[in-house]
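**Q** Mapped onto the working numbering, the consecutive letters of the sequence shown carry residue numbers 1 to 144.
One or more of the hints may lead you astray.
Claimed, not checked - Dumping the calculated EDC-like pairs for lysine to aspartate or glutamate here, alpha-carbon to alpha-carbon at most 20 Å: (1) Lys47 / Asp37; (2) Lys107 / Asp37; (3) Lys42 / Glu53; (4) Lys48 / Glu64; (5) Lys109 / Asp49; (6) Lys109 / Glu59; (7) Lys107 / Asp49; (8) Lys47 / Glu59; (9) Lys60 / Asp83; (10) Lys107 / Glu59; (11) Lys42 / Glu61; (12) Lys107 / Glu53; (13) Lys60 / Asp76; (14) Lys109 / Asp91.
What the hints contain is simulated information worked out from the structure, not anything from laboratory work.
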Amino acid sequence: MKTVFTINLNTMMVNDRIRNRDFPVPNEIYSSVRDLDEYVRKTVWQKKDAEVEEARRREKEREEYRTRAFYHCLFDKGLIDEDHGKSFSIDSPLCPICSFRQTSCNKCKIISCSNSNCAASSAVPLYGVPGPLIIKQSNFVLHV
């Protein structure tokens, strides 16, 4: 089956592929074509919105995972105790030791403290990290 006509919804022009010519959408079907245009745009935007929302959700999960790894590392090094770690929200952008903003490496995304005088920034340095950071606590191993 060959395509004989196509309709450009942006310009509302019909392309006759056999005669190789364009003409405006006829008045008799204009409202139907406009409805089709609105439907297609709505469907495309809904799909894009859903994809964007899913990407945001996945990034939030990864960020929470990295923040937990940061807290576990501080706990393992004795810089915070378990109660202190629990009192900080996983969504908090602040260091649990000095309350400066957390920062992360642009490449590996490891989280540390932005305050160079804080014990957390030397416990989890953002430079010279050889390979993946492996954090062990009790029965689990956390790869970051």
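**Q** All hints are to be evaluated individually against the structure, with a verdict given for each.
**A** Cross-check of the supplied hints:
no., hint, result
1, Lys47 / Asp37, "holds (15 Å)"
2, Lys107 / Asp37, "violated (42 Å)"
3, Lys42 / Glu53, "holds (16 Å)"
4, Lys48 / Glu64, "violated (24 Å)"
5, Lys109 / Asp49, "violated (26 Å)"
6, Lys109 / Glu59, "holds (11 Å)"
7, Lys107 / Asp49, "violated (27 Å)"
8, Lys47 / Glu59, "holds (18 Å)"
9, Lys60 / Asp83, "violated (24 Å)"
10, Lys107 / Glu59, "holds (15 Å)"
11, Lys42 / Glu61, "violated (28 Å)"
12, Lys107 / Glu53, "violated (23 Å)"
13, Lys60 / Asp76, "violated (24 Å)"
14, Lys109 / Asp91, "holds (16 Å)"
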